[in-house]
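Asks: Sequence:
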Amino acid sequence: MPIFFSLARLLATIFLLAAYSHVSVASSVREQAIQLKLGEVHVIDVGDVSDVIVGNEELLSVQLVDQELLVIKALKNGHTELLLRYQDKNKLHRISISIASLAPTNEQVQLAWLSEHMPELSISEHENFVLISGSLSKSKYELLKQQSALHKHWLLQVSVEPEKQGRMIELEVKILEVKRQYARQLGIRWPGSYTGPQISESAENWITLPVEIQSTLNLLEQSGHARILAEPKLVAASGQQAEFLVGGEFPIPQVVGQGLQDVSFREYGIALDMAPVDLGQKGISTSIKAEISTIDPATSVNGIPGMLTRRVSSSITAASGELIVLSGLLSQEQSTQADLFPFLNQLPILGGLFRSKQFRSAETELLVIVSPQFKDDIDQHNVRIENAQAAIDDFRMQASCVGLIDGL
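Numbered by mature numbering (1 follows the signal peptide of the UniProt record, and there is no 0), the letters in the sequence shown go through residues -26 to -1, 1 to 382 in order.
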């Protein structure tokens, strides 16, 4: 029995080899090579084909139409083969197919950039147009319009988002004039702008001026060595402008055509112009323009007085509640006072004994102290202060009722 089985197996093997040799010798194999781009569709007239064998179905999509046309679509990059068998068993067709990506066009590059930098958009490509929809900020929408102007087949269905109002920023400002020698008591020796010295370490951030600086300013003001010219509080939204002016206008007559006279007015006083910008975690950026002008009768022309002006402008960046001081605007006044005894001061030699002269010189420095703060931060601090005061008052009332404290 085992001998019979081995003999039968040997005969079957010989028969298969003979059949394969017959087919290999008798078959007519046609070789063909095709190169496709990714996404390309190719049609082959195959005639009376009976079977289509795809080497890698992930790379190719194959469809036989009417048993005569073979539609091939490239799906992925790579290399594979197609084997076509016909009704005539001795006829084979082997197709070698290579698939490579097309170099991206300028439009494809721009669409890819939009998808990456404007994820709010939905982009769908159709046969004859590209539909772009979504919602964008005003700045992004303007950029999209510039790009879409280059592609007439782009259809935009994009709405513009309303602009978000920036945080409200309060600018607390002190403009004061201090005698130069007493300004040094405040530790103010910097030439231009500098973050003011935090002398009081215990002062909280929300206090506009450190306690010791505020006390020194009050003392200098009471003793006549400092003078607060203005103390405004300006509130503006981020990116908006806030202005302050206290003073007046004086008339300036002018002669116009044909001997007619006109009058224009010029402002004088204290003018302040600020434009704060919210920088998020980086703090608050503020552009500052401060000007102090006074009428100077000593420099009048044709009865029209001149102007003495001191002006400072700067751009600063500070944390909310931080103190900024602008200084370096100096003013110097000199005067001479003569005291004399009538008639006797005119004597040739002894007259000097009956007269005296005093020369006075005063130098002052203009300081602009700015503290930018977010309005909501100030409101939160005020609420905490009110709650703390209410708790203290409640405790005092309860303690007085039970006699724990007396005279409170």
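Calculated from the structure, these hints are not laboratory results. It cannot be assumed that every hint is accurate.
[To be verified] Restricting the straight-line Cα-Cα distance to at most 20 Å, the calculated cross-link-like pairs of lysine to any residue (SDA-like) are:
no.	residue 1	residue 2
1	Lys50	Val28
2	Lys349	Ser274
3	Lys263	Met371
4	Lys11	Asp40
5	Lys148	Ser96
6	Lys114	Met142
7	Lys349	Gly277
8	Lys47	Val17
9	Lys256	Ala210
10	Lys148	Lys63
11	Lys207	Lys153
12	Lys207	Thr291
13	Lys47	Glu101
14	Lys112	Leu88
15	Lys112	Lys148
16	Lys63	Glu5
17	Lys349	Ser259
18	Lys148	Lys263
19	Lys148	Lys256
20	Lys114	Lys148
21	Lys47	Ile18
Asks: May I ask which of the numbered hints given earlier this structure violates, with the numbers listed in increasing order?
Replies: Numbers 2, 3, 4, 5, 6, 7, 10, 11, 15, 19, 20, in rising order.
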